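*Asks:* The primary structure of each chain is shown beneath.
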Amino acid sequence: MPLNWPALFLAVCGLGTASGFFVGRFRRISPLSVACRVDEALSLQERVSTAWEYRSEGRSNELVPLLIKDAVRCLQEVKPSKVFPHQWLKRGRYVAYLLIGIFLVSYLFPSPFEDAAPPSSLREEGRSLMRSAERLMEKRPEALRRASSLARQMRQLGEEMYQRELEEEQALQAYSSLESKITQELKMTQAELLERLKSLEKGKWESVDEEKLSQIKEALQKEEYGKAKDLLEQMSKEGKGKEGEELLSYAKELESLSKMRKLVREGRQRLKEGSGKEKEEKLARMTKSEEESALKGDEKNEGHSLAQEEGFELGQGLAEGSSPFPGRSPSFRVGEEEEFEVDEEGRLVKVKGQLEQGSFLMSLLRDISRSPEKGGSSTKQALISYGEMMINKLAGEKIPLSYKEQVKRYFSSLEPK
Amino acid sequence: MTDLEKVERFQEEVEKVVSEVKKIIVGQEEVIEGVILAILCNGHVLLEGVPGLGKTLLVKSLGQVLNLRYSRIQFTPDLMPADIVGTNIIMQGENGKRFFKFQKGPIFAQIILADEINRATPKTQSALLEAMQEQKVTVAGITRELELPFFVLATQNPIEMEGTYPLPEAQVDRFFFKLKVGYPSPAELREIVNRTIVRQLPTLNKVLDGDELGRIQALVRKVPVASHVLDYATRLVLATQPRSPFATEKVKKYVRYGSSPRGAQTLIAAAKARAFRKGRFNVSFTDVREVALPSLRHRILLNFEGETEGVDVDELIEDVIQSVSER
Chain A
4 MPLNWPALFL
14 AVCGLGTASG
24 FFVGRFRRIS
34 PLSVACRVDE
44 ALSLQERVST
54 AWEYRSEGRS
64 NELVPLLIKD
74 AVRCLQEVKP
84 SKVFPHQWLK
94 RGRYVAYLLI
104 GIFLVSYLFP
114 SPFEDAAPPS
124 SLREEGRSLM
134 RSAERLMEKR
144 PEALRRASSL
154 ARQMRQLGEE
164 MYQRELEEEQ
174 ALQAYSSLES
184 KITQELKMTQ
194 AELLERLKSL
204 EKGKWESVDE
214 EKLSQIKEAL
224 QKEEYGKAKD
234 LLEQMSKEGK
244 GKEGEELLSY
254 AKELESLSKM
264 RKLVREGRQR
274 LKEGSGKEKE
284 EKLARMTKSE
294 EESALKGDEK
304 NEGHSLAQEE
314 GFELGQGLAE
324 GSSPFPGRSP
334 SFRVGEEEEF
344 EVDEEGRLVK
354 VKGQLEQGSF
364 LMSLLRDISR
374 SPEKGGSSTK
384 QALISYGEMM
394 INKLAGEKIP
404 LSYKEQVKRY
414 FSSLEPK
Chain V
6 MTDLEKVERF
16 QEEVEKVVSE
26 VKKIIVGQEE
36 VIEGVILAIL
46 CNGHVLLEGV
56 PGLGKTLLVK
66 SLGQVLNLRY
76 SRIQFTPDLM
86 PADIVGTNII
96 MQGENGKRFF
106 KFQKGPIFAQ
116 IILADEINRA
126 TPKTQSALLE
136 AMQEQKVTVA
146 GITRELELPF
156 FVLATQNPIE
166 MEGTYPLPEA
176 QVDRFFFKLK
186 VGYPSPAELR
196 EIVNRTIVRQ
206 LPTLNKVLDG
216 DELGRIQALV
226 RKVPVASHVL
236 DYATRLVLAT
246 QPRSPFATEK
256 VKKYVRYGSS
266 PRGAQTLIAA
276 AKARAFRKGR
286 FNVSFTDVRE
296 VALPSLRHRI
306 LLNFEGETEG
316 VDVDELIEDV
326 IQSVSER
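Which chain is which? The protein sequence lines are A and V, in order. Quick note: the first sequence uses the working numbering, first residue 4, plus one each step. Quick note: the second sequence uses the working numbering, first residue 6, plus one each step.
In case anyone wonders, no lab produced these hints; they're calculated from the structure. On a predicted model such as this, the values are computed, not experimentally measured, just so you know. No residue lacks a Cβ here, since even glycine has one placed at the ideal position from N, Cα and C. Do not take every clue at face value.
Straight-line C-alpha distance at most 30 Å; calculated DSS-like pairs for lysine-lysine [said to hold, decoys possible]:
1. A/Lys72 x V/Lys11
2. A/Lys72 x V/Lys283
3. V/Lys283 x A/Lys85
4. A/Lys82 x V/Lys102
Computed Cβ-Cβ distance ranges for the label pairs, DEER-style [stated by the list, open to error]:
5. V/Thr208 x A/Glu43: 44 to 52 Å
6. V/Arg220 x A/Val81: 54 to 62 Å
7. V/Arg248 x A/Leu13: 32 to 40 Å
8. A/Gln79 x V/Ser232: 24 to 32 Å
9. A/Phe25 x V/Ser232: 41 to 49 Å
10. V/Pro266 x A/Glu80: 51 to 59 Å
Take these sequences, add in the hints, and give me the full structure.
*Replies:* Laid out in structure tokens, this is it:
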């Protein structure tokens, strides 16, 4: 139905009530008319109306009191429903006409509410998202900083959808944005955890089960966060103290973020299936492209390969100018300048602004790390904090979502070994 | 005695009158009821019907039951007005002196049976005019009051036109009701034969005297009428007038003159009497409708077209009743 039925129904009801009040206020039936109606309905032979008239006009003779008594006697047995019977059939006919009229109007004229009101599926989706986020917030302690923050965002998005503050397209975009954020946080947490694990290898713990450690790393690479958590739990139980608990909290956060991403992804999918619009499909294609590029982390740098220079073994650093992956087209030009690069399948992989920013920051940090300074640990600390600041700064800027992750990883990789 | 008891007693007495009359008259209930209503309203009645239907017997019976002075005038073409109202005759006293003495005519009674009224000449018929309207008689410049209550119950034969003088409109209008006396049904006819031929006619009791009847008439006049019922009666009467905006198509086509205001007065008075007879204390629309025919039928004068097409005035009135709404 193209018309907003509840709104129309309320409008008709309101109009009817107002008309009723208006008519009731200005077209009052006189008591004599009511008396006539009673006489007519009950075949009282004008007893009541005559008695009322004589009584109200003060006319009297020896028969008038008898008439009034007679009228009162007749009225004692009166049932209002008999005098004013429900005329359902008569009135119902007009109601039927009205409904048919509304039905026809709703088909002939487009509804003014049609665009404004989101479909109920969106509302349902919003409620579902809101509930899921609330459950996550209940389960996850505040210690899981990233997961908690994202759960709050997720709840807010759900609330906006539920309260119809978003249109379907906006909701889809918000879903994509949130998913990217979660992916980004996920990768960052993963990177941090891997760093911690690397430090374990270097002998912070007295006895490290090398096999278990490699299993954890493998699980993380495969995004099997549950497995990684279980392994870390085992390690923690084996008496690794505070360090073990911290590692476990990383694993828990990863698991939470993974669940959240799954939830958001599923929600977006449902919404897309519900709408079935071409526009959404296009958006989905774009999002998928961004997401894949973010996950693969194939990024080119104009002249540096941090992985090669620093021996960054995770392979998640910024790539060399010529693509390290086979089959990649090196660049794509629009006009005079190289604006962005796409791969063979037409997916966006690089934007000029990002690359410039990345190279500048990287050279700056490299210079700082090479500068002679006493107490190497403080320099390292300074670099880490600077990297975090930059990451936070970049997160607030308008950068394509997939590249934020790249940039963050880049700064993370700057942390000295 | 409370008002209610008084009213109930009056109603019982009138009912007794009707019962007594019905001892003699078989059937003709509408006619009996019409006559009773007219008497309650102090009105005169014109009974129209073929000979032998009991018109005269009805009036005679009423005269006996009501304990009123009754007289009968048999109208004939040679009947003179003086034969009705009376005349001054020369009398000689004991001392040999002559003087005029008024000899009262049969009109000086309380119930007058004017039998076959249309057989008398218009001059004689009009002798009844003053008596019927004013309840007084003027002879040789001297006006004499008639004793109340005073009723003229006239009969006329509608089929014998030879040697008859249709009543002038002015005189017809003075009759409260015009009642049509119809033929009895087979059962009624059998009963008439039984009562009159096989058995002895029953003796009638005197139920009501003049004073009592006067009190009942006064009470009937007090029966309340609502304004909307009065309006309805007015509209009914106006609808019989061809130039009135309420007139029906038939009235416009066939009627020359409609009912006079006296028709409206009759209608309401008769409706009051009917309400009283029905044991109610107010006049209803039904009362007005029920008395419309006897009240209006003699007050409507057909035009040439109506006469030639043989339009029945009763049908015209029925049409008017159908077309005039109650509100």
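*Asks:* Could one say that the CB atoms of A/Phe25 and V/Ser232 fall in the range 41 to 49 Å?
*Replies:* violated, 30 Å
*Asks:* Can you confirm whether the C-alpha distance between A/Lys72 and V/Lys283 stays at or below 30 Å?
*Replies:* Holds. A/Lys72 to V/Lys283 sits at ~17 Å (cutoff 30 Å).
*Asks:* If you draw a straight line from the CA of V/Lys283 to the CA of A/Lys85, is it 30 Å or shorter?
*Replies:* Satisfied, since the Cα-Cα distance of roughly 25 Å is no more than 30 Å.
*Asks:* Take the C-beta atom of V/Thr208 and the C-beta atom of A/Glu43, compute their distance, and say whether it sits inside 44 to 52 Å.
*Replies:* For A/Glu43 against V/Thr208, whose Cβ atoms are near 48 Å apart, the range 44 to 52 Å holds.
*Asks:* Does the beta carbon distance between V/Arg248 and A/Leu13 stay inside 32 to 40 Å, or does it fall outside?
*Replies:* Check failed, 57 Å falls outside 32 to 40 Å.
*Asks:* Below or equal to 30 Å on CA atoms is what counts here, so check A/Lys72 against V/Lys11.
*Replies:* Holds, because 16 Å separates the two Cα atoms, which is no more than 30 Å.
*Asks:* Within a Cα-Cα threshold of 30 Å, do A/Lys82 and V/Lys102 meet the stated pairing?
*Replies:* violated, 83 Å
*Asks:* Taking 54 to 62 Å as the stated bounds, is the beta-carbon spacing between V/Arg220 and A/Val81 within them?
*Replies:* violated, 35 Å
*Asks:* Quick one: are V/Pro266 and A/Glu80 within 51 to 59 Å, going by C-beta?
*Replies:* Given about 40 Å between the Cβ atoms, the range is violated.
*Asks:* If you check the beta carbons of A/Gln79 and V/Ser232, does the distance land in 24 to 32 Å?
*Replies:* 25 Å Cβ-Cβ, so the 24 to 32 Å window holds.
The structure shown violates the earlier hints numbered 4, 6, 7, 9 and 10.
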